[in-house]
Amino acid sequence: MSVLSITGLNKQIGNHRILKNIEFDVKEQEIVGFLGPNGSGKSTTIKCICGLYHMTSGKILINGADVTTKRKEALSALGASIESPSLYPQLTGRDHLKLMGRWRKVSRERVKEMEEYTGLGVHLDKLTNGYSMGMKMRLMLAMTLLAKPKLIILDEPTNGLDPQAVFELREQMEAIRREGSSILFSSHQLGEVEKLADRVVILDQGEKVYDGIIPTHLMRGLEYHLQVSDVQRAIEQLSGEVGKEIRVLEKGDGWIALTIESKEQFNQMISSLQSNQISVYDIIKCEANLEDFYKTIYERSGSNDKE
Amino acid sequence: MIKNEIRMFLSKKNLLCLLIGIISVLLIYQFDYVAKYKDYPNTKLEEISEHAKDIETYAKAYQNRLERIRKEYPGHPKTKEAEIMARVWSTYSIRNTNLGSCWKWPNRYEKRIREAEDELDTQLVEVSKENIAVGITNLYRNTKRDWKQRMELRKAYQNMNQDVPINKVIPTGAYVLNDALSGISLMFLLMMILIIIWNFDSWAADFEQITYKVIFTLPYGRKTLYLARFGTRFLLSICGLGIMLGVLFLRAVFAYGTGFDDYVIVNTTATRTFGFFKTAWSSLMRTDQAVPITHSIGISVGVTLLFLLFAISLIHFLSFTIKNQMGTIILIAVGMISIVTYSLYPKESSAVGGNVLLYFQSGSALHGALGIGIPLMLSLLMIATLALLGIAMVWIEKREL
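If you read the sequences in order, they're chains A and B.
Here full-length UniProt numbering is used: the first residue of the first sequence is 1, the next is one more, and so on.
Here full-length UniProt numbering is used: the first residue of the second sequence is 1, the next is one more, and so on.
Hints are computed from structural coordinates only; laboratory data are not their basis.
Since the model is a prediction, treat every value here as computed from it, not as a measurement.
Check before you lean on any hint, since a few could be wrong.
[To be verified] What follows is a set of in silico ranges between Cβ atoms, one per label pair, in the way DEER data are often shown:
(1) 1/A with 393/B: 31 to 39 Å
(2) 175/A with 3/B: 50 to 58 Å
(3) 246/B with 13/A: 50 to 58 Å
(4) 133/A with 239/B: 37 to 45 Å
Think of the CB as a built atom: it goes at the ideal place given N, C-alpha and C, for glycine as much as any other residue.
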């Protein structure tokens, strides 16, 4: 069952279409990375989910409840931290948790549990205007988790965090998923998204351009650099004979970089080159990553625009 | 939700303002009310000495006029009027001199002052009955309406076998409450300032701190969130003002008693009319009535409460719309200055009566100076508040946050 379901989401302001028919969902205990360059519509989508923005058309269901018509029910299942941590500078960390506890009608025991969870210790009784970014993030996360929501939205959660804090956040997010919640998080830290997310949704210029698993799982180990005796002939051979499954990425003085779709094609490729008297002096296997995939998506998206 | 709103309202800033407010109240009592009370004899002495020469002049003039009429126009129809005026001015001249002496030691000569005042006013009954024009002579000691009000008050006190207070500004508990709620006093200004300080950041602070994202992603409707905050802050603001007025009242009672047996003048046209009326004193004079001060306080409380409900709803709406604390407070301050300045100038009743923003002046309203009946005033305040809240509800729902 989907914890979050978005269908036909459109957002228009005047003549400017900000979101164009966005559709995706988040399943139970799933971590979904939400990616896109600045201005792609990520924050707008998140704000529509949280009820801060009105949709022009479309439907958003959180745990089966429509955000527009059953707002209370929908938002009861949601915990969100949008952009920078939203804290009252004149209140302490403990005050914040008590406030949120009352708003969300959770027990005192649960509030105490979340006080421990923050790991802030004595800092809990200090005013939040003196907190570091990491401390603010920990407090925001605890506030978000207080009511054990089914869906947690984290918008740029790693912004301003040091590497240790990022590592801790990653562990916390894994723990949250184990406890039964789903997470939709946006980030520009592709490395973090790659490590955490089961799936990514990528937006560009208000449109969804990709929704699926991170194909680097499949791509990992399938990019090669070959040192060959004749680069031009090797390219002609691979393009012609073995076919479209092989894609030449780059070429240089005596080497080519290429990707293949499956390991089976590897032998075929080497055999093809050798049978045509093209010597292969060295083979280097490259680790592909999300950044490469991200670039690929945007290149493809750019090509589609041109078409 | 309500507990949270209470917690947020009871911030250090607001509690500090309440403390400053209480201290200010005590200072206002001492340096405004008590000072005016103690200075009242001097004020009266100044008034008496200022008019002394004029009274002398008019007394001589009317005496001369009488003698001339008798000598040159015996049996003239104006003879009776001339006799009355000559007698009245002559008494006025003597009494005025006596009053000047008595007011130097008001505590010692309280009874004499009271008698002199009584006689000065009583002798004008004949002048009024004969419909004699007094022009600019100030015979009635201000207007005829003022004279009639003094007569009404005297009658009311006499009916209750009470002495008329000679010092009109004795700062008893009831007096200071009545004045504080009148809308045109330093106390009321202090109250309005506190209302603004307590409420201007009700939404603007959340927008500046970006904590509005926390609030508006809670599982409550936007209208519910807005009304909960508005309602809680209104009630707590009233409690805060109540504490201040309570301190003022107790301070006054401790010094000069409750004053609940005092009387004040209200205009029954103002208290009973559901509509607008002319504010000319000649028409309002007939319906002035002395009532126990508690009645006046009760009406003022009602008017003030409804006005504060309107004012706080306006402040909350501005705070939500402008989303900026500085912007909100500047706009409110400019508005307040404009309204106070506008209210100081005399104007036609139609201009005043229709302006809800001027309804803080319950004292003026009770005297008929606003030209609108209090029942209509209360209704318009309620309608304006509901309209404002209605607009706010629509605005909140439609607004992108």
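Hint check results:
1. 1/A with 393/B: 31 to 39 Å: 35 Å, holds
2. 175/A with 3/B: 50 to 58 Å: Violated, since residue 175/A and residue 3/B (Cβ atoms, about 31 Å apart) do not stay within the stated range.
3. 246/B with 13/A: 50 to 58 Å: Hint holds: Cβ distance 52 Å, inside 50 to 58 Å.
4. 133/A with 239/B: 37 to 45 Å: 39 Å, holds
The structure fails hint 2 only (numbered hints given earlier).
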